[in-house]
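Enquirer: Protein chains in written order, with the numbering used here: chain A, 1 to 299; chain B, 1 to 299.
Take the hints with a grain of salt, since some may be wrong.
As the list claims (entries may be wrong) - To spell it out: a stretch of chain B is covered by chain A in this simulated footprint if at least three of its residues, at any positions, have a beta carbon under 8 Å from a beta carbon of chain A; those stretches are:
1) 72-85
2) 177-186
Said to hold, decoys possible - If you want the footprint, here are the derived chain B segments under chain A, 3+ residues with CB under 8 Å:
3) 3-13
4) 158-169
5) 236-243
It is worth saying that the hints were derived from the structure and are not from the lab.
Yeah, the Cβ is synthetic: ideal placement off N, Cα and C, and Gly gets one too.
Protein chains: 2
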Amino acid sequence: MISFADRLTDAVQRAGSPACVGLDPDPARLPLPLLRDPDSASREALAEAVERFCCGVLDEIAGLVPAVKPQVAWFEALGAPGFATLERVVAYARQKRMLVILDAKRGDIGSTARAYVRATLDDRGPLGADAVTVSPYLGEESLRPFLEATAWGKGLFVLVRTSNPGAGQWQVGGEHPFAGRVAGWISSVNAERVGSSGYGPVGAVVGATLATEAARWRAAMPKAWFLVPGYGAQGASADDCRAHGRDGGGGALIVSARGVLYGAGVERAGAAWRAEVRSRADDFVHDLSRLQQPRGGGR
Amino acid sequence: MISFADRLTDAVQRAGSPACVGLDPDPARLPLPLLRDPDSASREALAEAVERFCCGVLDEIAGLVPAVKPQVAWFEALGAPGFATLERVVAYARQKRMLVILDAKRGDIGSTARAYVRATLDDRGPLGADAVTVSPYLGEESLRPFLEATAWGKGLFVLVRTSNPGAGQWQVGGEHPFAGRVAGWISSVNAERVGSSGYGPVGAVVGATLATEAARWRAAMPKAWFLVPGYGAQGASADDCRAHGRDGGGGALIVSARGVLYGAGVERAGAAWRAEVRSRADDFVHDLSRLQQPRGGGR
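Could you build all of it, start to finish, from the sequences and the hints given here?
Expert: Here it is as structure tokens:
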């Protein structure tokens with residue numbers, strides 16, 4: 001069984017980029033040819049349009065990026081038809097050989113946590129994603145069932161430090177901040193599980209717009225893959241993501257969702273929306289290529 | 001628009017009990033007449049058995065308890081058919097005039113958080129529950145979209161302090177613990193939104209087996225309804241839940257899931273499983289009736 005960290009490292013090397021496209025299908029922002037009137041459409045019709053959008057995006061980015069990050073909330077908002085769409089989108093991404101990191105931010109304990117593992121990661125369950133994002137508020141006990149899934153080659157990314165306004169006060173306030181305890185746990189469980197890539201199977205979510213803090217989190221979790229949201233639409237640049245990686249820029253998967261999926265060029269591009277998504281994904285990958293180079297210039 | 005806190009207070013008074021039954025339908029533990037062989041059943045067949053179980057339970061407890069708490073993980077683990085079952089179970093509980101508190105522990109920001117509000121609380125969405133449990137790890141910003149839903153009579157219960165092993169170290173460790181910050185936020189937003197019941201629409205999840213801490217959390221959030229898991233199967237007694245309430249025992253909704261749903265008496269009761277669930281729910285309600293009495297005896 002190849003570990004998730006080794007699979008991710010390999011996928012990033014094959015693609016030549018640490019770019020991860022977030023799939024946040026907001027029905028109000030789909031390209032016009034897919035959905036003319038979101039406000040009057042049924043949930044079934046919305047789910048169908050979302051599926052055509054996501055699969056179209058996957059067609060365009062396959063081979064270009066190593067991983068995608070579907071945001072579960074958008075599918076759940078459409079109820080059972082949305083969940084069925086999520087199942088098909090995840091399967092399609094895997095078929096196109098992209099790793100699927102399900103952005104679910106789940107967190108519960110005991111048998112409930114195991115039910116979430118079944119819902120998200122288990123290949124005998126409905127989705128069988130490669131990794132899932134997990135919230136640590138219920139403590140170490142809530143993370144253990146997901147950790148067990150790493151033995152079958154699955155991964156998790158634990159929320160450590162997000163860069164949205166106000167998060168810092170709660171996550172890192174005080175003398176022994178919660179985020180520091182989470183980082184300590186990640187570091188210790190990875191130390192026992194390092195694969196041939198040099199990384200362990202438990203990743204950390206560390207926001208992109210935290211440039212001054214990022215080096216500290218990297219030092220605290222040297223063997224963790226970082227999942228880095230906040231690039232592009234949320235204001236961070238490739239340079240802001242530099243400190244999230246290890247020497248040479250490895251170990252940081254940078255996410256862009258809205259920057260690739262939306263904007264007038266996509267929404268109003270008519271039949272050309274796919275080309276517009278492709279062009280935006282190309283720009284994203286090109287911009288990140290600077291991360292592989294020394295700060296301040298080319299080689 | 002009647003606030004969630006006022007609706008909950010009224011429902012508890014009408015039922016004469018603060019008992020909330022958790023719906024955690026584990027396919028491996030359903031009564032034998034509903035499902036003979038969970039390991040070889042399809043997800044569709046499992047979802048159908050779960051639906052018959054949950055609706056049967058709702059038939060038995062209607063009128064006895066004011067609220068139910070479906071645990072979303074168990075439904076999601078069955079994929080789209082499970083989600084369709086959850087939609088019908090929530091609708092059936094509301095039809096039977098029980099309040100539905102969806103145990104989802106969601107937490108995200110911005111448009112994603114709003115998508116979760118749509119998925120869980122919005123009456124135009126698939127579930128339209130009365131309230132939802134929310135995880136605070138992403139900070140105040142992640143709670144605001146749920147707070148907005150209180151204007152349409154919906155409620156939220158924010159995870160503050162859970163009693164599972166190890167949670168304390170992370171939630172209340174250090175000088176300015178995360179849980180204290182969350183409690184402060186709840187207290188301040190409720191102060192501006194107190195309804196005729198004397199409670200605000202933002203509740204707190206505070207575990208039952210924290211008797212020595214409970215009085216402190218109650219003092220910190222005097223106008224919050226508490227949702228109290230951990231009774232019964234997790235080891236807490238009615239007396240353990242006394243300090244969670246206000247003077248006279250109000251404002252604490254006590255949850256039992258496995259204690260009502262499971263055990264050999266239900267799983268192997270054959271056609272009599274419904275009577276067994278009813279008897280267990282009766283015992284639960286009867287035991288909690290001690291909360292309305294002074295400690296140590298009857299009136």
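Enquirer: Now, for every hint given, state plainly whether the structure supports it.
Expert: Status of the hints after comparison with the structure:
1. 72-85: That given contact holds, which follows from 11 residues of the stretch 72-85 of chain B lying within Cβ reach (below 8 Å) of chain A.
2. 177-186: holds (count 4)
3. 3-13: With 0 residues in contact (Cβ-Cβ under 8 Å with chain A), the coverage given for the stretch 3-13 of chain B is violated.
4. 158-169: holds (count 8)
5. 236-243: Three-residue rule not met by the stretch 236-243 of chain B, so violated; n is 0.
In this structure, the earlier hints numbered 3, 5 are contradicted, and the remaining ones agree with it.
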